[in-house]
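Chain order of the listed sequences is A and B. Counting in numbering that gives the first Met the number 0, the first sequence runs from 0 upward without gaps. Counting in numbering that gives the first Met the number 0, the second sequence runs from 0 upward without gaps.
Incorrect hints may appear among the rest.
To be verified - Quick look at which bits of chain B chain A covers, simulated, 3 or more residues with Cβ under 8 Å:
| id | stretch |
| --- | --- |
| 1 | 4-15 |
| 2 | 92-104 |
| 3 | 146-159 |
Just so you know, the hints here were simulated from the structure itself, not pulled from any lab data. Just so it is clear, CB atoms sit at the ideal spot from N, CA and C, and this is done for glycine as well.
2 protein chains.
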Amino acid sequence: MSGWVAVVGLGPGSEALVTPEVTQILAEATDVVGYIPYVARIAERPGLALHASDNRVEIDRSRHALQMAAEDKRVVVVSSGDPGVFAMAAAVLEAVDHGPPDWRNLDIRILPGITAMLAAAARAGAPLGHDFCAINLSDNLKPWSLIEQRLRLAVQADFAMAFYNPRSKTRPEGFARALDILREACTDDRPVIFGHAISTADEELRVVPLSQAQPHMADMRTMVIVGSSQTKIITRDGPPLVYTPRSVPV
Amino acid sequence: MSGWVAVVGLGPGSEALVTPEVTQILAEATDVVGYIPYVARIAERPGLALHASDNRVEIDRSRHALQMAAEDKRVVVVSSGDPGVFAMAAAVLEAVDHGPPDWRNLDIRILPGITAMLAAAARAGAPLGHDFCAINLSDNLKPWSLIEQRLRLAVQADFAMAFYNPRSKTRPEGFARALDILREACTDDRPVIFGHAISTADEELRVVPLSQAQPHMADMRTMVIVGSSQTKIITRDGPPLVYTPRSVPV
Chain A
0 MSGWVAVVGL GPGSEALVTP EVTQILAEAT DVVGYIPYVA RIAERPGLAL
50 HASDNRVEID RSRHALQMAA EDKRVVVVSS GDPGVFAMAA AVLEAVDHGP
100 PDWRNLDIRI LPGITAMLAA AARAGAPLGH DFCAINLSDN LKPWSLIEQR
150 LRLAVQADFA MAFYNPRSKT RPEGFARALD ILREACTDDR PVIFGHAIST
200 ADEELRVVPL SQAQPHMADM RTMVIVGSSQ TKIITRDGPP LVYTPRSVPV
Chain B
0 MSGWVAVVGL GPGSEALVTP EVTQILAEAT DVVGYIPYVA RIAERPGLAL
50 HASDNRVEID RSRHALQMAA EDKRVVVVSS GDPGVFAMAA AVLEAVDHGP
100 PDWRNLDIRI LPGITAMLAA AARAGAPLGH DFCAINLSDN LKPWSLIEQR
150 LRLAVQADFA MAFYNPRSKT RPEGFARALD ILREACTDDR PVIFGHAIST
200 ADEELRVVPL SQAQPHMADM RTMVIVGSSQ TKIITRDGPP LVYTPRSVPV
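Use the sequences and the hints to build the structure in full.
Structure below.
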């Protein structure tokens, strides 16, 4: 078999954040599969078929990619950010796990990318400079009670926290509840970073204390990062620098 | 002032994982500052001064970089992986916070990179495909009791877990204690991934059940990833694929 599937991360938006490894494998592909706005980032060329599909059809898309690889195509599945962080790599492997046995021995590669959390953290300073966690706030695929429990335990562990998919039009209330849980457990001055569409033309960065954080400050293109109890703010001309020190006093 | 400091991530080792943004800024630098093995990755050229220093002098190195920027140099501070994840970005901002007031208004940029956790996860499949945490197991900069507490809470939250700096010659016992804590709280078959020097010529990947995980399987160049209770293994010819499904049943 000469076909393969590569599940790749395109980073948060800027072409300057796409790794050379990903650029190279895209040049070798016969087929690119992915969610419409991510496939729209791929330049058309002769010999390359682009297969764009809507959101929430991740398993169908994965099966399509695997089937084409089994037919000797060279298939790239594109995600934004990193494919292994709330993106297509797990979906492709779920499809392998529940698919025909011969899919298991396909050539399947995952190529990492700059995930939104790292891009937003970098713009704000170094809020993830000490231990941290990443939580997907969407309850499409897990019960909301589990999200609440994880939030409470994450605060108890004093992790800095990165929230993916904080808010959508169909689930406007989840992020408000998450903020309420944080307000019960954290002091008012805990820094909250809203990184919207970082590295794109629509980029906006906002840093506010928890007391001023509002649900409408986030949408599905926003990465929310909440500092730990140790996180500090350096005020300066222009936006502040937020960092979590490397050390915790004994 | 025309000087600046850029704190950049070189990724886990392969040049194919260095972002174009980082390559570009290195081309503009007058000075590169960093730990010896990372500075060794930078090509020499006329007009570029390389300043390599030993480990554990992160604050001195940061001050040196900031001082040069204040003297109108264009300074790149290099980290491996991502500079914001257990690397130089927090150290530089600590130096700013405690340094002369005029350092606050220097042009300071943080440029993200592929952190070791994402590279190791990609090689193994998608073990971080659901909520996860990242913990630095070194107790150089925090009390061991805090690491133990975070491990217990992370297991309770059912995060997948990425461990940076699991083991060094001077602290051989910490990782053994971490494994003991995991064995108290998790079933024997919990997948443990040891990703050694991923993307370099020395790369080694090993996946074992928790019952077979041994302290000597990790060193300071190893990323350890422990699955959540939901993490699955796909057996196949060659190394297995490890993934954490996107969904948790209600």
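Cross-check of the supplied hints:
Here the stretch 4-15 of chain B counts 4 residues with a CB under 8 Å from a CB of chain A, which clears the bar of 3, and the coverage holds. With 6 residues bearing a CB less than 8 Å from a CB of chain A, the stretch 92-104 of chain B meets the requirement of three and the coverage assertion stands. Closer than 8 Å: that is the beta-carbon criterion, and the stretch 146-159 of chain B has 8 residues meeting it against chain A, so the requirement of 3 holds.
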